[in-house]
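*Asks:* Heads up: the sequence lines are chains A and B, in that order.
Take the first sequence: its letters are residues 1 to 240, numbered as in this note's numbering.
Take the second sequence: its letters are residues 1 to 240, numbered as in this note's numbering.
Hints in this document: simulated from the structure, not taken from any laboratory.
Check the hints yourself; a few may be wrong.
Note that the list lumps identical chains together, so a pair holds whenever it fits in one copy or between two copies.
Said to hold, decoys possible - Mimicking SDA-like on lysine to any residue, the simulated pairs with C-alpha atoms at most 20 Å apart in a straight line are: (1) K73 - V39; (2) K73 - A115; (3) K160 - R102; (4) K73 - F95; (5) K73 - A209; (6) K73 - F216; (7) K73 - E226; (8) K160 - G175; (9) K160 - N21; (10) K73 - P128; (11) K73 - E129; (12) K159 - G197; (13) K156 - E201; (14) K160 - Q24; (15) K73 - P116; (16) K156 - G32.
2 protein chains.
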Amino acid sequence: MVLEYEGTRYQGWQRQGNTPNTIQARLEETLGRILGQSVEVSGSGRTDAGAHASGQVASFHAETEMTAGAILKELRRYLPDDLGVLSLTDAAPRFHARLNAREKTYVYRVWNSEAPNVFERRCVFAQPEPLDLGRMRAAAADMVGTHDFMAFCSNKHMKKSTVRTISALEIVRLGDEVRFTFTGDGFLYNMVRILTGTLLEIGAGRREADCVPAIFASRSRENAGETAPARGLCLTEVRY
Amino acid sequence: MVLEYEGTRYQGWQRQGNTPNTIQARLEETLGRILGQSVEVSGSGRTDAGAHASGQVASFHAETEMTAGAILKELRRYLPDDLGVLSLTDAAPRFHARLNAREKTYVYRVWNSEAPNVFERRCVFAQPEPLDLGRMRAAAADMVGTHDFMAFCSNKHMKKSTVRTISALEIVRLGDEVRFTFTGDGFLYNMVRILTGTLLEIGAGRREADCVPAIFASRSRENAGETAPARGLCLTEVRY
């Protein structure tokens, strides 16, 4: 399945105990009723509470006579209007949305104006301070590549490797919007939001543009910038 | 003032008795508190309950030492996040947003796909039936010009003239969206929504493409199509 959701009223992707208000729980509950069996849905990765997706990919196994098209139609009938299934197709038996994911793209949208953005307010972070794109791009160049991103991870007790590769980090201005596009092989907990928060402090002149290598070397979360709010974050594509 | 609002939770533009939940009432209440005086806000026209605006224009008179910039800043601080002031400037003493309006543009957005549109769901009318743009454009050509639009007006007791001029009516497909853009010197109550509803019936093949002249001639609301839902409608520009 390719999924689109406005994460505003959800407590993130992952099912948590009896909290029904996560994307995963909502999908599992709805699919369970449609298929008459318990279904476990695997997402390409967890998205944070309040973060959005326009291209999340998820997979599940089910024994059923229903066609993919019929399941899609039923899902669209029963899912709430802030959680949409863009497509649903049969996958290879061993396909797994998380384990097989090769690369992901996240977009972080900053609304950089004193004027409000009424229609997109749930999907942008309003930050009216002037931003120097040249400074942010210089720092972004230091983030691209293979690094130990421990300092840009909110999970202090991360036992697995914190080495990841960012293959591209683009920063563009589109009118009053500044858009950050991150592509990489995987992202740690809050990593995109902490990288964005750090870049915003650099863009606003509150931090030097050459600070990134020292933050990497410290491996300490305190040396990086603030975690930018979830509302500006959107998982836009997963590649396999 | 140029205003942007998501009309979803409002009962339209016009103040009505003690109903606080109209755009006009919200603006008058907020300006009243900022300026310490009773303020009457005139909009270029009433927008329907649930309809949106990205370029509504409104004016008011006030005796104050505050600059336009200072009033703008206070308004942005106190207005809710679905009602934004894009700009506020001093006007000529006799300027009146409604009386001086020369031309308006409304956009009606139809989401023409089986797939949902999660992020824009509040601002589009989801209508998955295939639409024939050629047929709709042929009928739209008959709507352009100066006509008696009585049949396309929901107010049965309209005492004033129901003659209006539509100077342009464009229909374009943008991916899965079909967008109707109406420009004219003025629009009757529900007129854009009834014109759109009629065009949609023509596009879906439930009505002949050459039906418009007979509807005009009948001057009877029953002969026109359904009123398309307010959610798809947006006042985008007012010219003076």
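*Asks:* State for each hint whether it applies.
*Replies:* Now the hints, each set against the structure:
1. K73 - V39: Within one copy only: 17 Å inside, 52 Å across.
2. K73 - A115: Between copies only: 9 Å across chains, 40 Å inside a chain, cut-off 20 Å.
3. K160 - R102: Answer is within: at 18 Å inside a copy they meet the 20 Å cutoff, but 66 Å across does not.
4. K73 - F95: neither (22 Å within a copy, 54 Å between copies)
5. K73 - A209: neither (50 Å within a copy, 32 Å between copies)
6. K73 - F216: neither (47 Å within a copy, 40 Å between copies)
7. K73 - E226: neither (42 Å within a copy, 27 Å between copies)
8. K160 - G175: The answer is neither: 41 Å in one copy and 43 Å across copies each exceed 20 Å.
9. K160 - N21: neither (28 Å within a copy, 53 Å between copies)
10. K73 - P128: Between. Shortest inter-copy distance 13 Å satisfies the 20 Å Cα cut-off; intra-copy 42 Å does not.
11. K73 - E129: between (45 Å within a copy, 15 Å between copies)
12. K159 - G197: neither (24 Å within a copy, 59 Å between copies)
13. K156 - E201: The answer is neither: 22 Å in one copy and 59 Å across copies each exceed 20 Å.
14. K160 - Q24: For K160 and Q24, the Cα distance exceeds 20 Å both inside one copy (24 Å) and across copies (57 Å).
15. K73 - P116: So K73 and P116 pass the 20 Å test across copies only (11 Å; inside, 37 Å).
16. K156 - G32: Close neither inside one copy (35 Å) nor across copies (51 Å); limit 20 Å.
In this structure, the hints that do not hold are numbers 4, 5, 6, 7, 8, 9, 12, 13, 14, 16, in rising order.
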